[in-house]
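Chemist: Chain by chain, the residues run as shown.
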Amino acid sequence: MQTLTNRSKAVDRHPMTMWEKMYLPSIAKGMSITLSHFFKKKPTIQYPEETRPFSPVFRGLHILNRDEAGRERCTACGLCAVACPAEAITMEAAERKEGEENLYREEKYAAKYEINMLRCIFCGLCEEACPKDAIYLSETFAPSNYKREGFIYGKNDLLIPDPKTEPELYQKAVGERARKS
Amino acid sequence: MIQLAIDLAFILEKAILIGGIITVSLVVAMYSTWAERKVAGFMQDRLGPNRAGPFGLLQPLADGLKLFMKEEIIPNASNKFLFILGPGLAMMTAMMTSAVIPWGKQIEIFGRTVDLQIADINIGILYIFAVLSMGVYGIMIGGWASNNKFSLLAALRGASQMISYELAMGLAIIALLMLTGSLSLKTIVEQQSAAGGWWNIFYQPLGFLIFIVCAFAECNRTPFDLPEAENELNFGYHQEYSSMKLGFYLFAEYINMFMSSVLMATLYFGGYDIPFVNDASLIESMGMNTVAILQGLSLFAKAAFFIFFFMWVRWTIPRFRYDQLMHLGWKVMIPLALINMLITGVIVLIKENGWPF
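Going line by line, the protein sequences match chains A and B.
Residue 111 in the numbering used here is what sits at position 111 of the first sequence, and the numbering runs on without skipping anything.
Each number in the numbering used here comes from the position in the second sequence (counting from 1) with 1000 added on.
A hint or two may mislead.
If we take Cβ atoms under 7 Å as the criterion, some of the chain B residues that face chain A in the derived model are [unchecked claim]:
1) L1047
2) E1232
3) N1234
Once the Cα atoms are required to be at most 20 Å apart in a straight line, the calculated SDA-like pairs of lysine to any residue come out as [what the hints assert, rightly or not]:
4) A:K108 <-> A:R52
5) A:K41 <-> A:Y23
6) A:K41 <-> B:R1046
7) A:K42 <-> B:G1056
8) A:K29 <-> B:A1040
9) A:K40 <-> B:N1050
10) A:K40 <-> B:W1198
Okay, the calculated beta carbon distance ranges per label pair [claimed, not checked]:
11) B:E1232 <-> A:N6: 48 to 56 Å
12) B:M1178 <-> A:K42: 43 to 51 Å
13) A:H14 <-> B:A1119: 54 to 62 Å
14) B:L1349 <-> A:K29: 35 to 43 Å
15) A:I27 <-> B:E1232: 21 to 29 Å
16) B:M1069 <-> A:H14: 51 to 59 Å
17) B:E1072 <-> A:L24: 25 to 33 Å
18) A:I27 <-> B:W1198: 20 to 28 Å
19) B:M1069 <-> A:M16: 47 to 55 Å
20) B:V1277 <-> A:R13: 51 to 59 Å
21) A:K29 <-> B:P1205: 42 to 50 Å
Calculated directly from the structure, the hints in this document are not laboratory data.
Note that the structure is predicted; figures quoted are calculated from it, not measured.
Every residue, glycine too, gets a C-beta built ideally from N, C-alpha and C.
Take these sequences, add in the hints, and give me the full structure.
Modeler: Okay, here's the thing in structure tokens:
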């Protein structure tokens, strides 16, 4: 029979010779293999102390972005919620009052913005749908939680730190993914 | 009347020695569990336990605490007295072996010369064999009292396996005894550590091989861990056990392992003899107590190697099938041991009578 690859091996079914029946040589061989593994470098990543580097296109936890003046970009248009295939995003819009121009970029803003991380499939369609570059997926993932309620992330969990008041935290949170404005 | 006078200092000395040796064996068994997991991890390219304390050294304490905290369950249908007796018996027989093992030559404290051996009885090896055979009662009673089919099967397997391998082990030892001419472990060690004396492994390589294989079977260690074969018998004879009663069974296994390691070192690797030096001349130059400590460490180093060897084999070789186990025991080990005995006997006769050939 013609083989598809040249890696196939015929099964050897000959009766064991005296040398093979002694088992000890093959046991010694096996033990030398395990001992060689004993001294090998371990591939373990010690998780909380070390983390595995993520790919630059990794889609992690969502972040609600601000502009350079520290105003929220989101206008609560709802396109992300419409785009979301898992229906994880809910929001409530509100109108900007007088004197709140330093907080919100446009006249309309999201008073409530919630993402259920247990529903979210991290597809990144919300990021693509957003016309204001207000939401993007970062390079971290949602930390564990003891309760289901803990996975419903509100605005205070998602909003990025203000670049005016907390520039270092902002730089740390913004990462490589956000479109710099 | 003089013979009946009780030497209080002697009783105190032995009590301290017994306490010390039991503590040491328990600590060694405790850290064997840690070492087992560490060795298993390293051989499988993992790191093993490393969270509790530096290098995971507090892991055995955490495990022990967990076992103590677990609910104590005694099955309704079990024989309650025997159910509790089982683990106790397993633990006790595991500890009893240490009584005749010489841990070092002698030390001098407060003007008293103290032998580092609990009892130097002239039938030391017979005593060890008697205690080892009693070890099977722990498994048998525990497995039977659980009133569980799997436990009972495991107990039967354990009993028949131990009895089969004890024969070959005994025959291997008989060949050794022909050479030493003594059953006392102290005499055997002294013969090996005397000037010009060689370790028994050089006289009895085949005997040692048989002994170590049988020791694996006696300790219920892989590749002969049929009594607790997880994939066929769930958990074997300690399936119904929980809490520290289970801990006792697991612990007894490690103590057994330590004791048979020490026994192998004593019988075949010179016991407390420090390799490459003459112990007698070392005592003159360094003093008795220092040498005794060094001898103890030497014995522990040898035992530690054998414990590592036990683990090394466990994480290399798969478990035997039951018929293969019996085949190996009865049709390979016993004939081999008999042949070994025959050859040894012939050589001993030639040496004694100086037969011309």
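Chemist: Is it true that the C-beta distance of E1232 (chain B) to N6 (chain A) lies inside 48 to 56 Å, as the hint says?
Modeler: violated (40 Å)
Chemist: Between the beta carbons of L1349 (chain B) and K29 (chain A), is the distance compatible with 35 to 43 Å?
Modeler: Holds, at about 39 Å.
Chemist: Determine whether the Cβ-Cβ distance between H14 (chain A) and A1119 (chain B) falls within the hinted range of 54 to 62 Å.
Modeler: holds (55 Å)
Chemist: Tell me if L1047 (chain B) is really an interface residue toward chain A, meaning its C-beta lies closer than 7 Å to one of theirs.
Modeler: holds (5 Å)
Chemist: Return holds or violated for the Cβ distance of I27 (chain A) and E1232 (chain B) against the range 21 to 29 Å.
Modeler: Given a distance of about 23 Å, which is inside 21 to 29 Å, the answer is holds.
Chemist: Does the Cβ distance between I27 (chain A) and W1198 (chain B) fall inside 20 to 28 Å?
Modeler: holds (26 Å)
Chemist: Under 7 Å is the threshold here; is the Cβ of N1234 (chain B) close enough to any Cβ of chain A for the hint to stand?
Modeler: violated (27 Å)
Chemist: Would you check the hint for K29 (chain A) and A1040 (chain B), treating anything up to 20 Å between C-alpha atoms as holding?
Modeler: The given pair, whose Cα atoms are some 18 Å apart, holds under the 20 Å limit.
Chemist: Using the nearest Cβ pair, does E1232 (chain B) come within less than 7 Å of chain A?
Modeler: violated (22 Å)
Chemist: Check the hint pairing K40 (chain A) with N1050 (chain B) against an upper bound of 20 Å on the C-alpha distance.
Modeler: holds (17 Å)
Chemist: Below or equal to 20 Å on CA atoms is what counts here, so check K42 (chain A) against G1056 (chain B).
Modeler: holds (16 Å)
Chemist: Has the hinted range 51 to 59 Å been met by the Cβ atoms of V1277 (chain B) and R13 (chain A)?
Modeler: Holds: the Cβ-Cβ distance is about 54 Å, inside 51 to 59 Å.
When each numbered hint is compared with the structure, violations occur for hints 2, 3, 4, 5, 10, 11, 17, 21.
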